[in-house]
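Spelled out from the first residue to the last, the chains are:
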Amino acid sequence: MPHIYSPTSESLRTYLSTHAHVLLALDTFLLSLRLGEFNNPSYSDIPSRPNEIPGSPSFRATDSGELKEEINKEGRKVSRSALTLKAMELVRSIVGTTKWTSAGELLIILEALGRLFHSSYAKDPCLSNTIRRLMNLVRTVEEDLKTPQPTPGALSVNTNLPLEGNIVPSGALSPPNNISRSTSTPSMTSAFAQNSNNTDLLYSNLDRFRSDSISMSETTTLTEEGPPNPTNVSGIARKLPGYFFSYKAEFRQMVMEGFQEVIDDLEEGRREINEQAGLHIHSNEIILTYSLSRTIENFLLHAHQKEKRQFHVIIAEGAPHFGGHVMANKLSSKGVRVTVINDSAITALMPRVNLLLLPAHAILANGGVVAPSGSHLCALSALANKVPTVVVSSLTFKLCPMYPHEGQDIMQDFVSPAFLGVGSESDNVDLICPVHDYIPPELIKLFITNVGGVLPSYVYRLLSEVYCVEDPIVFKG
Amino acid sequence: MAALSPSPLSPEVQIVVADLLNFMEGSEHSDVALPVAAMKVMLNVIKRSKAITMTGLLSELEAAKTGMLGLAASKDICGFRSHIPLQSGCELFMRYVTRSFYEMSSDFELCIKEVLLRGETFAGMSLTARQSIAEHGCEFVREGQVILTHGYSRVVASLLKMAAEKQKKNFSVIVLEGRPEGGGARAAAVYAEANIPVTVVLDSAMGYAMEKADLVIVGAEGVVENGGVVNKIGTYALGITAKALNTPFYVAAESYKFARLYPLNQADLPRVETGELRFADTTTPEVEEIDMKKDLITVDNCVIDYTPAKYITLLFTDLGVLTPSAISDELIRLYA
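If you're matching them up, the sequences are chains A and D in order. Each residue of the first sequence is one higher than the one before, starting from 1 at the first, in the working numbering. Each residue of the second sequence is one higher than the one before, starting from 1 at the first, in the working numbering.
Among these hints, one or two may not hold up.
Claimed, not checked - Restraint-style ranges between C-beta atoms, simulated for each label pair:
1) D:144 to A:452: 38 to 44 Å
2) D:298 to A:458: 43 to 49 Å
3) D:144 to A:34: 29 to 35 Å
4) D:194 to A:20: 50 to 56 Å
Unchecked claim - Listing some non-contacts, in silico: residues in chain A with all C-beta distances to chain D over 12 Å:
5) 6
6) 31
7) 119
8) 140
9) 145
10) 234
11) 253
12) 261
13) 275
14) 276
15) 308
16) 332
17) 401
18) 414
19) 418
20) 442
Think of the hints as simulated: they come from the structure by calculation, not from any bench. Ideal Cβ positions, reconstructed from N, Cα and C, are used throughout, including at glycine.
Using the sequences and the hints given, assemble the complete structure.
Structure, rendered in structure tokens:
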């Protein structure tokens, strides 16, 4: 039976060598990532501005109308949630068919996949986020299997706890897992955890958080019940306590169930967001939105069709990709009153607006967001006019554990500026076309997410619920 | 030692106080942080203790804590610093002892054995924490930036040194001189040693220096429950100035400095005894004048201030990078 000890591409390939079909599926997926088949069509290099606009630059091919058709059709197929779903299913097939034996080994496989995805498609954090979420799931399941469930409300007495500091993963000052869980009074747990189902998960995460930090020396070793060959282990698995490498009968099934839940979450996310539409969108309101977002489109349509709200949407066209035009067509065809404005008119219109809705490409650890370029201007203008800025986004794959400085390097994307079309042939003119903006948390009033309304200052808490600090922030090889 | 204290002390407290002074001796240049010294003192209390119950032991620890705080309040042992970290170190340790007691099925003997065993690791605690903070924080320093800092902080120094020496980033530092003890000069020497270009400016030049700075990083003596920090005098003004000019304001602090305090304003801070205001090197005629009319003039030589959370962008801690709002969660985790 092959084992995997290090999260590198080579060892994953060796590990998968007996499963040709899985390896093929992985390679096909990585190739399509590299070929840009999943690139966001709304930022595609081909202009979607209709040809008949006077003065449009001459570089456009005569068949651009046809091209635009195709891109839109593709756009349906390759949304980011579809990409994430596809990656998840691939991961599930790898994890489901290969013969790993312990949580430690599974974490190494996931880390290896994270690195492969990152090296093939670094500009989009959605894949890394999903892998990190799965890694946390694996850790949680393993911890649950390890620790006997304490009786709620009572002080649990665990005689199994080893006395020697060297096998306890926690450092000297860390609260032992089960004690802190059972001594936390009901009021304390319920006052801070929004979702009581998550409380346990949350607490175990925070325990890890803490034990990681105050451990004063290398107390974690792999000596007890270690992996077959602990010296070979590399990546994050090196820091895992020994029991992660022991076989547990129920583990596989529990993990696979957990994977299914994460996949369900991805599919359910939009519905949960839409259900809040009635709370935030009222009749006779004027709502401003920027460029194209399927989440916002669905959100607005839900308010209009299900909640029967009569409102007016102003859409900034979002030059030079003009996603706003597509958005306007989609909304107006369903009977929503729509006005399209050019981006430079945002400040002029803002005083009339009641609510600014913005999409998110990624939500960062400090509560700031990465959004389509131009959104920051909208948010600033909204602030100046005391218009609330609300970001509508699912958290399933957009919640990132990194802070803006880390995001700046990996998330900004530049596309062809051909259609900026200044019409100048001079070499002295530089044209660039960045895709994203960073909006700081101070400008955001609220996030509408699949777990409800969330303040930017609360994002750190969600992060500790879904990710483990010991997992890599960036999957670098 | 007892002669220095206002009231007669019990023999045990005298030993405790001597112990603390011993650990603090030369700590200016050693790597022993105040809370760590306090924990070592408490460890010694346990070693000497004849107590046979947890309650008995805890009351001995409580007496040791009171003794140490009493010393800190009556005499400047912390070098113009607040004794908040001393207090947080003591409380954290006592919390840890009680926890171990529950963990060990309320077996007193076993608990003491375990506490003493793990206690050995305390020595390396501040170094480990500092290392981890430096790793988290140095990513925020970017090529070509100008970093403004205030006084001398070991955490900030190790962070900047890691960015300069390990990551080979080029950046420069402006350091405020840091009256009254002038920690800025010391910091400047440390940075220069690490080949980081450094400029020293007057404390009163912070507004002038701020417009050149890309970010501010300061240390902390204590991090309080609402996410604000207690630090060297001038930090509050620095925070306000940074906010006014939209400069990110980062605080680097070890998690053992998290204190269960909730100051509402500057007056809520524990008073630090510093003696008289010293006009270090500016013996100008005006100053002489002030000295002569001393009975008419009150001199308030405060050495710490409180910076509310709203001025802080992020905190770099050994628990990771935290937003100020995450601090109260962490405190609940520590003391829950």
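*Assessment of proposed distance window 50 to 56 Å (beta carbons of residue 194 (chain D), residue 20 (chain A))*: 54 Å Cβ-Cβ, so the 50 to 56 Å window holds.
*asked:* Just want to verify: residue 31 (chain A) was marked as not at the interface with chain D; is every Cβ pair farther apart than 12 Å?
replied: Per Cβ check, residue 31 (chain A) is outside 12 Å of chain D; nearest 32 Å; holds.
_Please check whether the beta-carbon of residue 418 (chain A) is more than 12 Å away from every beta-carbon in chain D._
The claim holds: residue 418 (chain A) sits with its nearest Cβ about 31 Å from chain D, beyond 12 Å.
*Check on residue 6 (chain A) being off the interface with chain D, judged by Cβ distance over 12 Å*: holds (22 Å)
*Please confirm whether residue 253 (chain A) is truly not at the interface, meaning its C-beta sits more than 12 Å away from all C-beta atoms of chain D.*
Holds, since 31 Å exceeds 12 Å.
_Status of the stated non-contact between residue 276 (chain A) and chain D (beta carbon gap over 12 Å)_ = The claim holds: residue 276 (chain A) sits with its nearest Cβ about 23 Å from chain D, beyond 12 Å.
*Can we confirm that no CB of chain D comes within 12 Å of the CB of residue 145 (chain A)?*
Fine: 20 Å to the nearest Cβ keeps residue 145 (chain A) off the interface.
*Is residue 332 (chain A) truly not at the interface, in the sense that its beta carbon sits beyond 12 Å from all beta carbons of chain D?*
Label holds. Min Cβ-Cβ 40 Å, cutoff 12 Å.
_Verify this label for me: residue 442 (chain A) is non-interface relative to chain D, using a Cβ-Cβ cutoff of 12 Å._
violated (10 Å)
*Non-interface claim for residue 308 (chain A): all C-beta distances to chain D beyond 12 Å?*
The claim holds: residue 308 (chain A) sits with its nearest Cβ about 38 Å from chain D, beyond 12 Å.
*Could you see if the CB distance from residue 144 (chain D) to residue 452 (chain A) stays within 38 to 44 Å?*
Holds - the Cβ-Cβ distance for residue 144 (chain D) and residue 452 (chain A), about 42 Å, lies within 38 to 44 Å.
*Beyond 12 Å from chain D, beta-carbon-wise, is residue 119 (chain A)?*
holds (20 Å)
Checked against the numbered hints above, the structure breaks hints 17, 20 and satisfies the rest.
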